[in-house]
Amino acid sequence: MMRYFLGAVIGAMLMVSHVDPEAAGASGIHGRLVRVDALPPDVCVWPAAVQWAEQTAGRQGRRAAALPLDDRTRIYAGPPARTVQDRFPAFAAVAVDPARDEVVLTDENLFQVFAYNRLDNSPADAVTTPKRVLAGEHTLIEFESGVHVDPASGDIIAPNNDTVDTLVVFKHGSSGDAAPIRALKTPHGTFGIAVDDRRNEMFLTTQHDATVVVFRKDADKDDAPLRLLQGDDTGLGDPHGIAIDPKKDVFYVANYGSHALRRADREVRTGVPGAGKGRDKANWPLGRELAVPGSGTNDGPSISIHAITAKGNDKPLRVIKGSKTQLNWPTGLAFDAERRELFVANDMGPSILVFDADAAGNAAPKRVLKGPRTALAHPTSVSLDGKNHELWVANFGGHSATAYPIDADGDTPPLRTIRSAPASAPSLMIGNPGALTYDSKREEILVPN
Amino acid sequence: MLGRTMHGVDYDARRDEIVVPQQFGQAILIFRGSAAGETKPVRVIQGSKTMLTALDRVAVDGVNDEIYVPEGDRVLVFDLLADGNVAPKRVLSGPDTGFTAAGSVAVDPSHNIIVVGAAARSADGRGLPELAIFDRTANGNVKPKRVITGAKSRLNDTGNIRIYPEGGLVFTTQQTGYVAVWSLDDDGDVPPRYTVGGPNGLLQKPRGLDLDPRHNAVIVSDKQLNAVLTYEMPQLFQPITSSR
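Protein sequences appear in the order of chains A and B. Per my numbering, the first sequence starts with residue 1, numbered consecutively. Per my numbering, the second sequence starts with residue 450, numbered consecutively.
Careful, some of the hints might be misleading.
Cut-off 27 Å, straight-line C-alpha distance, at most; resulting in silico cross-link-like pairs (DSSO-like, lysine-lysine) [stated by the list, open to error]:
(1) Lys592(B) to Lys498(B)
(2) Lys538(B) to Lys601(B)
(3) Lys281(A) to Lys217(A)
(4) Lys594(B) to Lys441(A)
(5) Lys315(A) to Lys281(A)
(6) Lys498(B) to Lys324(A)
To be clear about the criterion: a stretch of chain A counts as covered by chain B if any three or more of its residues have a C-beta under 8 Å from a C-beta of chain B, and this derived list gives those stretches [said to hold, decoys possible]:
(7) 71-85
(8) 114-127
(9) 295-309
I should point out that these hints are in silico values taken from the structure, not numbers from a laboratory. We put the CB at the ideal spot given by N, CA and C, even for glycine.
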């Protein structure tokens, strides 16, 4: 599991010596907020706009706090001598929309959401132009780790993993710097999303506090979750992807395995990051301020299967776990209710694992899509197209989304590929780099993500 | 044991080891410096005795073989060679320390100090950001030697902290868009002596930071740009002898 970590290290090293001239450089990719003006009083302000205003004001406030500096401060503003930066989108999550022949992809590198034609197929040296792009301050889009397309409306629903703590909903057809039609504040570390249309419920995983929170599908603003699954017995540990089996009323969660216990009756630790700004809401996760010191463990990767109504500290119905499973950073999940199969985007495989819907224990996958011809590269998300019998994968480490026959097995090449960069462009996978260190012996920069 | 959400890392040149905090599993993972691929850590500090709760960052003192972990209202110090379920050898904590929300720390064995990036304790929980400087071996409820804080300091959300002992300088990232640099002798409400990368430069949300004095480099990661930027600053990597 060091590869992801070291992948960034090696990526950084490669960029120093083998940098694609187009990928380097310090060109300002992101627009910079110049000012925030109050809206005129007769302008209708909808909730998302309010949240946007909060967000942008926060950014403005942070930057404003920097100025003016004292005259005695000597300012060296730059520019940098070197910049390691991927200027191409890195696809993190995928949702295929067969009703509209579209594929929606999130980009955690440049903070965008794309809609492509489902039949797009990029040549190796070319980049496909999306039909629509959502990006900009109004969108609240940053690290969108998951995505769901509503089958009926085509609306796009995308949770944010870290920096914004807000799930955004866009009307189908939205593009540019559009404000979301809904913006739901979510717990810190929200990652995966699954929607149960029969129950009108939306399921989200949260990494930091090892939970599943269930909201109304149309939840907005400060709405509280309907249910919370969190506790010692749940089997959740650094949960990522989530998928629902509507026929058996269960949901599946992909767990990396690390977690620590929480106790609501503990004295709140001061000054440690919590679960976000929702502590006063019902069914909000217990954050790290209520963690039990020294209770942390790493139980290894697993898929836990839960009753659709699971809440509190409910045990999973069963768990897929063990050496035969090949699970290794299982990240995205998708479920095919007709074929009775669970699809796993297995980041470190790199592979797509397919399990029988009823698999349990140390079960081997029934199919494994893996090999050099697959072009899989750190797959982090998978989506199924039952109408056209295809399987879509977002390759976070490959600047690509790839489509396969739904029953693809072994070293099967993709049917089509959507590229966000030429195939030769290095994929840095620097995502939310909150730290770095310099290895003075090897003259390398190490960047955890 | 690593995940996709690692918030800290430090390199120990003396032992040639990489130290990574695993926040979800409340663990400190130590890897060989040459580690590549799916390599197991050579040591893991984890378990009921560790007191580890919400670790985001670590700092390694390769001279005295110690690992520092800032955690809200305390700083835990472990033996660098510790392995398994071991208790910290020192815990810096208590009202006299004056800090809470400790999220970063740096160690300077040559000046025998540590610098803690935190917020001042206050009744309403809205204490100002601060850099609190303690004796390196401070243990228990100890007052800081000096505290840099206040309006003139422009301290904001402090990210990584690094020390350049030869120049007597402490560097820290500020989410206001720059790296701020103070003298280790600074105290009270004093402005930074230098800034790097901004304000009004390319940096937007700088978090990670390290120094390469041999190449006069200040290396910064930015979580808004998803980038690593290297600033060559020969003017900072000289011994500072004059005061302001």
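Structure-based check of each hint:
1. The hinted pair formed by Lys592(B) and Lys498(B) meets the criterion: a straight-line CA distance of about 26 Å does not exceed 27 Å.
2. Among the hinted pairs, Lys538(B) with Lys601(B) is inconsistent with the structure: their alpha-carbon atoms are about 36 Å apart, more than 27 Å.
3. Restraint check for Lys281(A) and Lys217(A): the C-alpha separation of about 18 Å stays at or below 27 Å, so the hint holds.
4. Between Lys594(B) and Lys441(A), the direct Cα distance comes to roughly 33 Å. Violation of the 27 Å bound is thereby established for this hinted pair.
5. Proposed proximity of Lys315(A) and Lys281(A) is supported: the alpha carbons are some 24 Å apart, at most 27 Å.
6. Of the supplied pair hints, the one linking Lys498(B) and Lys324(A) is violated, its CA atoms being roughly 33 Å apart against a limit of 27 Å.
7. Residue count for the segment 71-85 of chain A with a Cβ under 8 Å from a Cβ of chain B: 14. That meets the three needed, and the coverage hint holds.
8. Taking a C-beta to C-beta cut-off of 8 Å, the segment 114-127 of chain A contributes 0 residues in contact with chain B, too few for the three needed, and the coverage statement is violated.
9. With a threshold of 8 Å between beta carbons, the proposed coverage of the segment 295-309 of chain A by chain B holds, since 4 of its residues qualify and at least three are required.
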